[in-house]
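Asks: Spelled out from the first residue to the last, the chains are:
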Amino acid sequence: MSTKVVDRAPLTFYERTYLPAILGGIKVTSKHLFNTLVKGKAVTMEYPEQKWVVPAGYRGAPYLVKDQDGATKCVSCQLCEFVCPPKAIKITPPGPEGQPADRANAEKMPREFEINMLRCIFCGFCQEVCPEEAIFLQKDYSLTGQSREEMIYNKEKLLKLGGTHAGIQKWKHKLEEAKEQETFPVPTP
Amino acid sequence: MPALTDLLFYGFAGLALLFGFLCVANPLSRNPVTSAMFLVLTICSLAGLFVLLNAFFLAAVQVLVYAGAVMVLFLFVIMLLDLKEEERRKLNKVALGAGTVAVAVIAGILIRAVTSAKPAADKLVEGTTKPLGRILFTEYLLPFEILSLLLLVAMVGVILLSKKELK
Amino acid sequence: MDSIKYLDPTTQFVLFSILKVMLVFAVAMTGVAYSVLVERKVSAWIQDRPGPNRVAPFFVEFIPVIGPWLTRLGIFQPMADGLKSFLKEDFTPSYVRKVYFWLAPAIACVPSLMTLAVIPFGSTLGNAANKMVIADLNVGILYSFGIVSLGVYGIVLAGYAANSKYPFLGGIRSSAQMISYEIAMGMSVVAVFLLVGDLNLSSVVDYQRGGLHQWLIWKQPLAFVIFMIAAFAETNRLPFDLPESETELVGGYHTEYSSMKFALFFMGEYAAMIAASGMMVTLFLGGWSSPFGSEPAGTILGGLVHIGWFLAKVAALMVVFIWTRWMLPRFRYDQLMDLGWRRFIPLALANILVTALIVAFTHK
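Chains as they are written, first to last, in our numbering: chain A, 1 to 189; chain B, 1001 to 1167; chain C, 2001 to 2364.
There could be a bad hint or two in this list.
[As the list claims (entries may be wrong)] A few chain A residues that don't get close to chain C, going by computed Cβ distances all over 12 angstroms:
| no. | residue |
| --- | --- |
| 1 | 3 |
| 2 | 103 |
| 3 | 117 |
| 4 | 132 |
| 5 | 138 |
| 6 | 155 |
[As the list claims (entries may be wrong)] Quick partial rundown of chain C residues pointing at chain A, CB under 8 angstroms, derived from the structure:
| no. | residue |
| --- | --- |
| 7 | 2045 |
| 8 | 2046 |
| 9 | 2047 |
| 10 | 2048 |
| 11 | 2049 |
| 12 | 2050 |
| 13 | 2323 |
| 14 | 2326 |
| 15 | 2327 |
| 16 | 2328 |
Everything labelled a hint here was simulated from the structure, so no lab data went into it. A virtual CB, placed ideally from N, CA and C, is assigned to each residue, including glycine.
The task is simple: from the sequences and hints, build the whole structure.
Replies: This is how it looks when you write it as structure tokens:
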């Protein structure tokens, strides 16, 4: 344990009058005042009007998507409901006599699909697990409501917010990833 | 309007007596801070009396020095002391006796002074700074200088007490 | 208007006095509200922020151009702030000393407003008898010092009443700070009155009426500096806001206060700033007179112009008060005491001596 004594030069008379401190203060404050007022360089982002540009891969709120024909992609397999860590998703399947799917090569679609956005943790497991590429985490982060009921989004709302996602081919990417795994360890160039 | 002045006089005098009583013997609270605050009010009522006597300078100085500075120091000291014991303290018989004697003596002097006083002159001197200063530096120069010397002695004494290394 | 002329002079005087009191109170309270806004705006600009720029009553958005512009300036913010402090829950903690807890905010707020009574805020309005000062006392400055010295009770009692550590420390600090700087402040003013030869604030303004070159700030620069810095300490403004010091004492003496009681402390502080600015304007910056020299106004318009000059000077000093807050960091307690007792009091005494010598040799 060695102590280093820092040499502090005694203040000169000029410094002891507080004048350099005051002048420095005037300089700094007027610079910032000028920058904000005249140059308009305020750093504040005025939120509702200006919004963050979210980066690619940002995990926002999960919404249901439609295919290129406007049909529901979800087939009510309930995998997402099962995997959802905070149990935010609640799917009501159509049942034996329920409404059939609104697209050709699917058996069924959910009668009701609810996501409680107050519970959702935006983890993306539902997107990961979905075999039909029907649910995606989108870039929406500002979800507000005035009651708890309002924050439970139903199928209609989720489909409307989700929009159409036609060109995404999730399984193709998965296949490529799997192939890459086969050539493990990766040969070093 | 002489009636208004009289009314104000009795008002301020009554308030001064009431607050003075509450300062020393408040039946509701033995809290020293409360006593100090009532003393402040007493001083302010006295300042009101000075204003009625046209002694504006005295009134202002009364508030400025006593209410504004001395009593704040009192409060400062009261707050730094441990007050719980003080609040519980019972009346001390010796102190009570000594106090009664002191009050009797002061009351005697007061009664004598009041009974022997002549009625005030009709025209009161305006107690502003200029006439007051003139009187202080001519007629009462010696008492004034002696007082200032006394204050100086007190000041030097305080400095001597607070500077331990001077011994 | 004509019926006023038939009243006897006493009634007229009382009526005009009541009118002046109400006017000054209204202007001061508006000033308090808007100096809070200026404080928030200037602080924001210095910190690269836009400041309050949202609040507006619903109809403002229909006014073209000016409406949004006023909203961006935050003109309607003080109304929202005031409304908020009235509507918030008024919480009294269980452990406080109730009587003092309720009294302290009022005691803190009233003295700063009372000081305004002796400040001449204009020359005359209409005829020469209507002097634009509520109470034209011939011991004006002593009165204001007496009242200012009572202002400390609000803070000390608030600290005592809260019955908790941080407010108590704030109260203790404030009592010592106020007394110390009152002395320096009073002594700095003595030199001014040596030159003027009268304690009446109206005659101080009369002395400086000739224009910019007559202002006492040129003759008494040292007194002005000491008075100004002492005013910062008396009003608990940075760099001397030790009784409050948010960073050490979590707000100091008003830590335990909420809603309107807290707002009273706030109003008291800003009213004290306005009073101190008014006092500085009167003593050193020519009061209501314009920089080009002016006579007491003969017309109502001229009187209003003088009031305008006074308000403009006060507003400028308020900006200085606010700006300084971001210029300097808070003083340490020992530095504060050192500055007050060992620098300012000797300097002020020397200033009195020099001024007295000059007056003695140049008089007559």
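Asks: Report holds or violated for the interface hint on residue 2046 of chain C, using the least CB-CB distance to chain A and a cut-off of 8 angstroms.
Replies: 5 angstroms, holds
Asks: With a cut-off of 8 angstroms on the beta carbons, see whether residue 2326 of chain C makes it to chain A.
Replies: Hint on residue 2326 of chain C: holds, closest Cβ of chain A at ~5 angstroms, below 8 angstroms.
Asks: Does the CB of residue 2328 of chain C sit less than 8 angstroms away from some CB of chain A?
Replies: 5 angstroms, holds
Asks: Would the hint on residue 2327 of chain C be counted as holding, given a Cβ-Cβ threshold of 8 angstroms to chain A?
Replies: 3 angstroms, holds
Asks: Tell me if residue 2050 of chain C is really an interface residue toward chain A, meaning its C-beta lies closer than 8 angstroms to one of theirs.
Replies: 5 angstroms, holds
Asks: How about residue 2323 of chain C: closest beta carbon in chain A under 8 angstroms, or not?
Replies: Where the cut-off is 8 angstroms and the nearest Cβ of chain A is about 6 angstroms from residue 2323 of chain C, the hint holds.
Asks: Just double-check residue 3 of chain A for me: nearest Cβ-Cβ distance to chain C has to come out over 12 angstroms.
Replies: Given a closest Cβ separation of 24 angstroms, the condition holds.
Asks: Just double-check residue 155 of chain A for me: nearest Cβ-Cβ distance to chain C has to come out over 12 angstroms.
Replies: Holds, because the least Cβ-Cβ distance between residue 155 of chain A and chain C comes to about 36 angstroms, which exceeds 12 angstroms.
Asks: Mind checking the CB of residue 2045 of chain C against every CB in chain A and telling me if the closest is under 8 angstroms?
Replies: With Cβ-Cβ at 4 angstroms, under 8 angstroms, it holds.
Asks: How about residue 2049 of chain C: closest beta carbon in chain A under 8 angstroms, or not?
Replies: 5 angstroms, holds
Asks: Please settle this one: residue 138 of chain A was flagged as non-interface, so is its CB more than 12 angstroms from every CB on chain C?
Replies: It holds; residue 138 of chain A is separated from chain C by about 28 angstroms at its closest Cβ, greater than 12 angstroms.
Asks: Minimum C-beta separation from residue 103 of chain A to chain C exceeding 12 angstroms: can you confirm that?
Replies: Non-interface label on residue 103 of chain A holds, nearest chain C Cβ at 47 angstroms vs cutoff 12 angstroms.
The structure fails none of the hints (numbered hints given earlier).
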